[in-house]
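Kindly generate the complete structure, drawing on both the sequences and the hints.
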Amino acid sequence: MSLNARRRLLPWLFLGPGLLWLLIFFLYPLVNQAAVSLMTGDPEHGYTLTWAFHNYTDAISNYKEQFGRSIVYAGVATILCLVISFPLAYFTAYKAGRFKSLILLLIILPFFMSYVLRTVAWQLILSDDGWVVGVFQTLGLIDENGRLLATSTAVIAGITYNFLPFMALPLYVSLEKIDRRYIEAATDLYASRTTAFRKVTVPLALPGIFAGSLLTFIPACGDFINAALLGTPRQYMIGNVIQSKFLNILDYPTAAALSFTLMVFILIGIFLYARALGTRNLTEAAI
Amino acid sequence: MAVTETSTPTPTRPAAAPRKAPGRGAGRAVDWALGIWSVLALAYLFIPVFIVVLFSFNDNQGRFNFTWQGFTLRHWQHPFADPDLAKALTTSLEIALIATAISVALGTFMAMALVRYRFRGRTTVDFFVFMPLSSPEVVLGAALLGLFLTLNVNTGFVTIVIAHVMFCVSYVVVTVKARLEGMDRHIEEAAMDLGATEWTTFRKITLPMIAPGIAAAAMLAAALSIDDYVITSFNAGQTQTFPLYIFGATRQGVPAEVNVLATMLLVAVLVLMGLNVIVQRRLSKRDRARTAA
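Residue numbers (the working numbering), protein chains in the order written: chain U, 1 to 287; chain F, 1001 to 1293.
These are computed hints drawn from the structure, not numbers from a lab. Glycine included, C-beta positions come from ideal geometry on N, C-alpha and C. It is possible that part of the hints are untrue.
Only part of the chain U face toward chain F is listed, based on derived beta-carbon distances under 8 Å [to be verified]:
no., residue
1, Tyr28
2, Phe53
3, Ile79
4, Pro87
5, Phe112
6, Tyr115
7, Ala121
8, Ala191
Where chain U lies over chain F, by a calculated footprint (3+ residues, C-beta under 8 Å) [stated by the list, open to error]:
no., segment
9, 1143-1154
10, 1207-1218
Laid out in structure tokens, this is it:
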């Protein structure tokens, strides 16, 4: 084999096994899922492909409530994550000094404790006889017999909690990367601290804000653990529906149609973002 | 993604020279507010973890472990008392080990190809590898189960491993890529100029240099695998993993032994991370000493 041909083949040899794995167990299942979503039939007799596009319209109109809830809960949680973690990331990047590594460790610490178990801990924190509910009642934020567990508030608080590091880390990385001389230049040119922050720091941190928002919003949209453990069927999100359709009711076409709709919706978002900033930025900011 | 952050020390920038700016007092107030806000945010992140650890010492009656009854070491003495729980944890550890080994092997080579070679279709592959990271887990899990159902594959241990490798590979690629991109290409070129073959260069130069990235990727993959509930719940069949056991137990109350085991895992990870940092420091010190000599 000529050296040139080998050069050209080499990267594909390196990529081959991993790429094959992803093609078979990631891409092909999605294609297969698209086919399943257009099938009709029932669990006993099996499903056949009939190009039943009405599966989509049925699924969306039957579960628009859960779809809406997923988007609203995930959206609110993303905004809360941004509000909570921007000052945290800013402090860590610019003001933390020797505590920087410690703060970063604390931000990722929850990752090393079981996700389900941490959510169970939230059940305990928000339980009806817990002190948090007591404080909320005394402050009049909820009424005498009001509860936190089994409400939208609890589910959103849980989602916000679980995905906070996904927002905080990309924000920190992009703030840390900013050349501080730009900010100094702004203040030297008589911009106030606020103006410099608004006109220099925030725009330069935008890739981190976008990446963090995606990394929070996407998993939050599909999450069903928080709704299952901290909510009731009245708080169920689209993930809960997909899971029960797939594993309990065995209504595969509806489940596939629902998860495909969710996927397409998210892919459009990513595509728009990738076009706006380039995927390199996205992956970089995500690390 | 998180592990890389701590394993590669971020270069500290020289502190900006202190300047007398108008509104310095207001600035200090803002700094204080930022500090307090950060402490509160960290508390929000830390409290549930603390509660899990704390309630591993709770002297509770029965399985119900929701209110504090007093301190005991009882649960720590027999953490593996429940055979189902012990089995679930061993299964999770086995799966994590296998899935990590496979995904690190596959992902490292993919990262090498993506960073080291300019070839047609590179951007597409780059984007494709990133896609599993940006798909909701419920979609990945459901789609994979759909495949297994279509092919009449019985779900169980093997299908869980397949699923875990699938989502870990992308994380490995991203982590190792970050390390490779920060590496000086010239050192490898020098080795090859001095007559080393590509394979020798890879073994003696490239591999040792990206080893910290690979270690970080392996830890990340293992952590993700041990903790995964969503994708596993679709592809587990009758097999119980640690997260599946916990979720199943939430109905009757999670036994305190679960808190003990989760705390042990947390401590193990922290010790590993600490060791990783110490080894890195040692190595870079040795390198510096060598360069100086």
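The hints, checked one at a time:
1. Tyr28: Holds, because the Cβ-Cβ distance from Tyr28/U to chain F comes to roughly 7 Å (cut-off 8 Å).
2. Phe53: At 18 Å from the nearest chain F Cβ, Phe53/U fails the 8 Å test, so the hint is violated.
3. Ile79: Violated, about 15 Å.
4. Pro87: At about 4 Å, which falls below the 8 Å cut-off, the nearest Cβ of chain F leaves the hint on Pro87/U intact, so it holds.
5. Phe112: For Phe112/U, the interface hint holds, since the closest Cβ of chain F sits about 4 Å away, which is under 8 Å.
6. Tyr115: holds (5 Å)
7. Ala121: Given a least distance of 4 Å, the restraint on Ala121/U holds.
8. Ala191: violated (11 Å)
9. 1143-1154: Coverage by chain U holds for the segment 1143-1154 of chain F (7 residues, Cβ < 8 Å).
10. 1207-1218: violated (count 0)
When held up to the earlier numbered hints, the structure conflicts with 2, 3, 8, 10 and fits the remainder.
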